[in-house]
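Engineer: Given chain G, work out where chain L should sit, using these hints.
There are 2 protein chains.
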Amino acid sequence: MGKDLSQFIRNEAFLDKVVSAEEAASWIEDGMNLGMSGFTLFGEPKEFPIALSKRGEQEDFKINLYTGASLGPTADQSMAEAGIVNLRVPYQGNAVMRGKINKGEIYYIDQHLSHTAEEVRKETLGKINYAIIEAAAITEDGYIIPTGSVGNSPIFVEKAENVIIEINTTAPSAYEGLHDIYVQKEQGERREIPIYNASDRIGEIGIKVDAEKVKGIILSEQPDVPSPLFEPNEETQQIANHLLDFFASEVAAGSLPQSLAPLQSGVGSVANAVLNGMASSQFKDIEVFSEVLQDGVFDLIDAGIVKFAAGTAFSLSKKRVDSLAEDLEKYKDKIMFRPQEISNNPEVIRRLGVISFNTAIEVDIYGNVNSTHINGTKIMNGIGGSGDFARNARITIFVTSSLAKDGAISTIVPFVSHIDHTEHDVDVIVTEQGYADLRGLPPVKRAEKLIEIAHPKYRPQLRAYFEEAKEKVGGQTPHILEKAFSFHTNLKEKGTMLMEEEVTN
Amino acid sequence: MGKDLSQFIRNEAFLDKVVSAEEAASWIEDGMNLGMSGFTLFGEPKEFPIALSKRGEQEDFKINLYTGASLGPTADQSMAEAGIVNLRVPYQGNAVMRGKINKGEIYYIDQHLSHTAEEVRKETLGKINYAIIEAAAITEDGYIIPTGSVGNSPIFVEKAENVIIEINTTAPSAYEGLHDIYVQKEQGERREIPIYNASDRIGEIGIKVDAEKVKGIILSEQPDVPSPLFEPNEETQQIANHLLDFFASEVAAGSLPQSLAPLQSGVGSVANAVLNGMASSQFKDIEVFSEVLQDGVFDLIDAGIVKFAAGTAFSLSKKRVDSLAEDLEKYKDKIMFRPQEISNNPEVIRRLGVISFNTAIEVDIYGNVNSTHINGTKIMNGIGGSGDFARNARITIFVTSSLAKDGAISTIVPFVSHIDHTEHDVDVIVTEQGYADLRGLPPVKRAEKLIEIAHPKYRPQLRAYFEEAKEKVGGQTPHILEKAFSFHTNLKEKGTMLMEEEVTN
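Chains G and L supply the protein sequences, listed in that same order. Heads up: the first sequence begins at 1 in this note's numbering, then just goes up one per residue. Heads up: the second sequence begins at 1 in this note's numbering, then just goes up one per residue.
No wet-lab data here; the hints were simulated from the structure. Don't take each hint at face value.
What the hints assert, rightly or not - Chain L side only, calculated, beta carbon under 10 Å to chain G, not exhaustive:
hint	residue
1	Asn102
2	Glu118
3	Asn345
Claimed, not checked - To list a few chain G residues with every Cβ distance to chain L over 12 Å, as calculated:
hint	residue
4	Asn129
5	Pro223
6	Lys318
7	Arg394
Positions of the beta carbon are idealized from the N, C-alpha and C atoms, including for glycine.
Just chain G, with the same shape it has in the complex (with noise of 0.2 Å):
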């Protein structure tokens, strides 16, 4: 590699355990459990799954895969097209691998991804047979110092018979210092998290493992695969801009202070262009309590809107991986990974009064919010984080562009075909006609904001859904079972959502 192992390698019980991809990828058995660090494309391992992809190719075998989130092209796709995955655990946002998802090839429990962990503790799975765990060091004291995300790391470490290490050669080494490891005892024997602030600092800067766990380390130079870079554009623009009017209309009702209140955003478009249009905006020394943090997290810092960011974490465009290991080193008093069980936790979230915004698939009159299947069938990624943050927040925020597929698609429809957060746990909804302030209100007081919010071409056929359903049936939650998926069926008979009265009047 023609770089100084022991820069690396800092201990030296684990220097003779260098190993190739391919042999670390010869001890993995048929039907084995893997946990994999990784997390929206940081932090995986990538010799390992592409030698263990390879193998495949060649032996008939499958595994069972746990990560932190949604790992790339060098990992979930490749394994997925190798036909190696049994079941993928928590979260997965790969084109081919969503693919075999749907079509029955891969089995994939959509998991809340701070419960992740406490599933490992349980076995409901079994074990973790191995553990494999992108580095950028391993220190004098044994501990293993992650790359761009913590996600499930620790507890895979900590629980799995096994630890292979891929030691990644290019990792900036100011990812030493990042991270705040803090893993929880078993249920039941554990304290609070003492977390009071974003920024408290409760656990160490790396993973501690067993030496002799570590069965085998490699050396990897692959960098990290950057995030689309998510530009605003008109829609998402005018989404950011009503949710910024929303969060002005908070502060000016003195309901929040200028500093709002910890920050979680998801990932995407929508996220990244309020992030943008914070910028500029009249709030200031926000904290970030997130679970990944964006490009817009670093212009915030700079622009002095954001004090603190922690996450579990980075999903980054190229232009921020180009400029990483310098960004690290500056801002590294105001940001801070922890384990996804942490990042996620609902004792957090409630106690700092997180804001929490994602995106929504499509949201029912009622203020229901599918996050992850199309037409109630077919997954796109998964329920992720959303959920830890949507039941625990101070305000839980979805938003969505009111129209898909150039207008075929209502987001907003009368009873979504899959429920990841029901009525209970959802507060305000944002699409580009606006918000839709839902706090304190009843379903049919919902029901008339949320109709307002979707697009004027289907407001009609909303409306007249609505209508006859109270009605025809009445109710706390009125609905007309028989036609609760019309818009669905209408879109898989006409290829439109907008119903055919509507389409010649």
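Structural biologist: Only chain L this time, still in chain G's reference frame:
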């Protein structure tokens, strides 16, 4: 009243505040927000709501009513009958009130019971104008001693502009010492909830109140209304047996100790059958960390099975009400009531690793649960605390008979008509046919297990739906949306969910 008032009102600053219920009721103005004590028929004020209802028969006004949970005939029913309730939050269980809610005459927000205190803090519906709290006594130090429930009383007293105390002179004096009153600060300013065992006492024995804020004290001699006694029948006994078998198998597998884990059980016939069944079980030294404590808990303490029980309210049958004064003395070191924000708090439930079991109205083949709505439209009671526990529990169990309405309804359906608990939060479903352990299973494997615990006469049509959905649509969660509610529409059209083919077979 013939009783020595100073025995109940032991602080002089309060002694001159005694007024008639009629006078107190006269203070209430149209549009006010009232926060009343009371939870599952226990600990509600009685004289005040009756007086307010009487006033409502003469005058035109409406109030918004917050409580802990369901109130009884003197409160929810009399106020609903008088037509003085505009909005009801967060739970009800009275037939008259339910009827008016479903007719759209009363607005109702069906809320997670741990969330209501946060909504009061945030003033989502504005300030609480009056808190009306039933008390056993006011102490020398000016603490209100609650009666048979704590519910949301502490936050109502803290945040209300005015407080009315209804002293119930028939309440056992042994209520004093039963309660553990701990109120959290605002989000962002609070610390952890320092409960590490169900029995940890963290608060005070009463609710501190500023005498200045107490506008009046009413005297009452009306006892609580006992709850129906839920005697096990053959079916509830079968469900209970399956659940006990599940617990036994977890113990046998080493996943749980003989003390299980802190136990939460819903209210009703199955819960009571389970508690009865436990009395002759192998389990011992169980801690109960629940919302409502029913008759069975006393029996299990007697049998040495339960060593401590914490909740927020009693729900007791007449037999136990009659011996309550004596029982409170006898069990005072083994029972504790906390505010529902604490008894149901995600932080504590998850830390302790509570086992939760609650009743479902219907369950779909993928494990989504409807706890609240009949045919997706008419509300029954409300979600109550089931979501607080289900989301955060170590094992989340829902129980239901596989049939309802003399077999016209299958409680296992293709798609639930309303979702309160999503597949992400549901581990085990129990019917009289057996239990389905869904842990670690993807949706299509969950369906296989769930169809097996449906009633045999509905299994063929559930199987037919599932196979057709897999075949024709596929995906992570196969559904045929146009037939997803076919069971429900068949019921509406033909009076039974059983399809014609099966009937004629």
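Engineer: With reference to the structure, classify each hint as holding or not holding.
Structural biologist: These are the hints, each one checked on the structure:
1. Asn102: The hint holds - Asn102 of chain L has a Cβ within 10 Å of chain G, the shortest such distance being about 5 Å.
2. Glu118: holds (8 Å)
3. Asn345: holds (8 Å)
4. Asn129: holds (15 Å)
5. Pro223: holds (31 Å)
6. Lys318: holds (31 Å)
7. Arg394: At roughly 5 Å from the nearest Cβ of chain L, Arg394 of chain G sits no farther out than 12 Å, so the non-interface label is violated.
In this structure, only the earlier hint numbered 7 is contradicted, and the remaining ones agree with it.
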